[in-house]
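Dock chain to chain to rebuild the complex, using the hints, since each chain is given by itself in its own frame.
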Amino acid sequence: MKILVAVKRAIDYNVKARPKADGSGVDLANVKMSMNPFDEIAVEEAIRLQEAGKAEETVAVSIGPKQCQETLRTAMAMGVDRGILVETNDEMQPLAVAKLLKAVVEREEPGLVLLGKQAIDDDSNQTGQMLAALLGWPQGTFACGLELGDGSAAVRREIDGGIQTVELKLPAVITSDLRLNEPRYVKLPNIMKAKKKPLDTLTTDELDVDVAPRLSLVKVAEPPARKGGIKVPDVETLVDKLRNEAKVI
Amino acid sequence: MTALVIAEHNNAELNPATLNALAAARAIGDEVDVLVAGSGCEAVAKAAAAAEGVRKVLLAEAAHYENVLAENLAPLIIAVAEPYEHLLAAATTTGKNVMPRVAALLDVAQISDIIGVESNDTFVRPIYAGNVIATVKSADAKKVITVRTTGFDPVAASGARGSVESIDAVDDTGLSKFLGEELTKSDRPELAAADIIVSGGRGVGSSENFALIEALADKLGAAVGASRAAVDAGYVPNDYQVGQTGKVVAPALYIAVGISGAIQHLAGMKDSKVIVAINKDEEAPIFGVADYGLVGDLFKEVPALVEALDKK
Chain H
-2 MKILVAVKRA IDYNVKARPK ADGSGVDLAN VKMSMNPFDE IAVEEAIRLQ
48 EAGKAEETVA VSIGPKQCQE TLRTAMAMGV DRGILVETND EMQPLAVAKL
98 LKAVVEREEP GLVLLGKQAI DDDSNQTGQM LAALLGWPQG TFACGLELGD
148 GSAAVRREID GGIQTVELKL PAVITSDLRL NEPRYVKLPN IMKAKKKPLD
198 TLTTDELDVD VAPRLSLVKV AEPPARKGGI KVPDVETLVD KLRNEAKVI
Chain L
625 MTALVIAEHN NAELNPATLN ALAAARAIGD EVDVLVAGSG CEAVAKAAAA
675 AEGVRKVLLA EAAHYENVLA ENLAPLIIAV AEPYEHLLAA ATTTGKNVMP
725 RVAALLDVAQ ISDIIGVESN DTFVRPIYAG NVIATVKSAD AKKVITVRTT
775 GFDPVAASGA RGSVESIDAV DDTGLSKFLG EELTKSDRPE LAAADIIVSG
825 GRGVGSSENF ALIEALADKL GAAVGASRAA VDAGYVPNDY QVGQTGKVVA
875 PALYIAVGIS GAIQHLAGMK DSKVIVAINK DEEAPIFGVA DYGLVGDLFK
925 EVPALVEALD KK
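Order-wise, the sequence lines are chains H and L. With my numbering, the residue at position 24 of the first sequence is 21, and numbering never jumps. Throughout, my numbering is defined as the position within the second sequence, counted from one, plus 624.
In isolation and in its complexed conformation, chain L is listed as follows (with noise of 0.2 Å):
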């Protein structure tokens, strides 16, 4: 029995979630295998042929595999299917539009988001934005299953042998084609990996003063997130969104600044192991939530957040 997880990278780095569906695909017991499709991404498979408990990679490399087109990918998956019992992908934007592509192909259901691994069959998921976790067994032969990060610890992204084979690549379905991308550039660290993240919502007010989330940021050097509210209000780009339907993250440290905590948001960051709230309305949901709450005006106490980590 084993199972085959869907890297996903960038042609030349490991997206460190595949580490997390890696842990997954560990947990359910199996030995695990690894499938890298792309172009000109050999890196990308000696990388995850190193990861913890990798026994081989499969390489499939196209011109047509570059961007991850789930049209392409999906046929791929197909193909090389046919000995696993699980496969899994992390539950990025990547693995989400893929997999369920690959599941009715194959005539099975998904098993979206999974935190937790019951048995080979039974998996926990979050439902109703994390307000309720249930737990669900499988009836189909082969799973699919995308894998929520936060809920499994990263397996060693080095010290396995496994081995790296290339395998054919499936013709081009010409149905998609990519035609371009707008990545945001940043220095800060990724949302998804980040240990500490400064959140600013719709109490925020601007654009511009979101400057002051940025600035606490780079203080710590921590990731920017934001809610809903202040996404749907333009100050910041949508995948900056921490929540049900953005980004769910779990880091060592939350602060959300100006963020009143509905429900969509705190889907998205209550597993955080230390979360701070300002507010300036002692009643907003997020200090049910917040293990250090300061009800205060954020445009003062920002600043002097920001002036108190200076002094030792």
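Excised from the complex, chain H in its bound form (with noise of 0.2 Å):
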């Protein structure tokens, strides 16, 4: 089986993101970027498994500028064989997002589909769920324990109250949670390695898929700023002031 793995180059989990002073846009000019922290977790999944003989081949794609080739080098110097970037300046929404990857998976033909629940700069925790309705297939979504079987995968997903567990025909869409894995740390040797291994470009034309976006940005600001609250020296006086100030106890 082959697996497709889909990557996004973000802002850098470390980095404290803010709004333009003239709020028409989130700051990001010189501004760190990596893989998106949960696209980690399933590029590393996707290695497990191959690691594992589940799997012959790891595809790894992503969708974006030219410097997204950098994300696609640390997948496949992570362990993935080959990378996929369809190359574009526009800005490109979850919808957007899966058209294209369902056109990529059409040219691929992957067993299975491995993305990150959310990216952490939109938050939008929805491409994963769109590729697997284009698709049609169906979806282990917030995934924190993957079982390939034959022609199904048990799904272990984080849902509100504890975990729940689903069997999922495949070929199907995953994506992953914090406690999937534990993404590895790259060699040296493994970074030089992945400068040679393949990486094909597409654009959104030869995948001849509207990507128009269809949320337009009114505004953005900062979030309304907490006052500043005092130092209690002591258990009594926050026991005093949670009562009688604050009044909530």
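Among the hints, a few may not be true.
Derived list of chain H stretches under chain L, where covered just means 3 residues or more per stretch with a C-beta under 8 Å from a C-beta of chain L [claimed, not checked]: (1) 11 to 19; (2) 109 to 120; (3) 162 to 176.
Partner residues are not named here, just some residues of chain L that face chain H (Cβ under 7 Å, in silico) [claimed, not checked]: (4) GLU695; (5) GLN734; (6) ASN862; (7) ASP863; (8) LEU929.
Simulated from the structure, these hints should not be mistaken for laboratory data. Just so you know, even glycine gets a beta-carbon here, dropped at the ideal spot from N, CA and C.
Now the structure itself:
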């Protein structure tokens, strides 16, 4: 089986995003970018499945500007066999990304598609579900465990009250939650090796997909700031404040 | 112009998050219908019909709706979607799982996790872990929306007299099957609905030490939460997690113990009414959002706090 894993180039998780002064968007100038952390977990899972002999080939796909090549190289340095960049400088919203991924899936015919459950920039949490819908495939979202069987996959899912286990017919789309695995560190020799792995570039025109955005950004703003609080010297004062000032207990 | 809210339930009871989603639907200004899909869930339909502002409940019952599998629920929603301009669900793990599938089948965008309604096509939602608040306008004829429950006060659970109409189920797609569920059992209130939450972070140090957090929670009748660091360290299960990728909560009182206050965690709790932080590091970012900060060793301060709460 071939596994396709989708990776997004997003703001580094250690960086705090800020709106531009004019409210027209988020200020990403000179901001460190990395692979979306959830996608890193998806990549790790794909590689582990291959190492366990459950997959013959792993392919990473990214959609966005030229710099996404770096993201794909990271995936290949982790162990993915090759990369596909759908290059575009336009804003790609989740529905457009899902349509592009569907077109890539139709070319590559993987038995499984892995994605992160959400990207830490727009926090949409949509793309995997949308891709599954467009393909008519089942979806295992928020996965914390994945076992491939014969023609089916058992997926443990993080749900609000605990864990749910579902069985999905393959091919299927799986989106990773935090506890699916712990991604490996990339070793230097592997970074060198990754540079030699094949990386194909496609365009949105080639894939013949309508990628027009459906949502327009009216404005962005800082969230309302919390007023600075006070330090209390001891628990007695704290209890007194909570009882008599805040009146919450 | 009517909105459809997808009810969340366990076939016995309506999940209160649905009442927040109803509030968002009402803020759009629509008449509101509710879809209840499940198995043996007539009581849920009745409860939904009594919720403030509900005109009509559509009830679809079939064995393959019992466990709310997205593969089966999405086609049902599509089958009834035609008259509705807005389709909403609470942004719970169920809503987040099903609604994007619905949106894609309708060929429309989803607007995730809204916290405000500007007009019938313009909505407010947090992005970048809540560090940026975006206002977005939809160009689609139908709007598929998930609602962050902390953004809207729930509508009244009773008082309305909506009708209940049974509708036909759509065939089982056979794409997925429910195998089982392990739900965390607890006598404490649920995180999402609790008035008071006591959360522990990496500073708590171990699974055993979480008993301290639990003792304080029980003294206050509070729910227990945790930071991602505490979850990653294996002190508590993942469903305790408060943060960008866990649960977003806004209780009247949030007590953060041994939590440094990573962006990711603040995203999940900074809308709480009153925040208390107990941390030995006085430079910890959590003090930047706390109304009351206590600098000290949690292993000394938490038991002392439990004791102080006993005194009148």
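Against the structure, the hints:
Given a C-beta distance limit of less than 8 Å, the hint that chain L covers the segment 11 to 19 of chain H holds, as 4 residues qualify and 3 suffice. Using a Cβ-Cβ cut-off of 8 Å, 6 residues of the segment 109 to 120 of chain H lie near chain L, which meets the minimum of three, so the contact claim holds. With 8 residues carrying a beta carbon less than 8 Å from a beta carbon of chain L, the segment 162 to 176 of chain H meets the three-residue requirement, and the given coverage holds. Nearest Cβ of chain H to the Cβ of L:GLU695: about 5 Å, under the 7 Å cut. The hint holds.
A cut of 7 Å between beta carbons decides the hint on L:GLN734: the least distance to chain H is about 5 Å, and the hint holds. Of the supplied interface hints, the one on L:ASN862 holds, with its beta-carbon coming within about 6 Å of a beta-carbon of chain H, less than 7 Å. The beta carbon of L:ASP863 comes within 6 Å of a beta carbon in chain H, closer than 7 Å, and the hint placing it at the interface holds. Here the hint on L:LEU929 is kept, as its CB sits about 4 Å from the closest CB of chain H, short of 7 Å.
Hint compliance for this structure: every hint is met.
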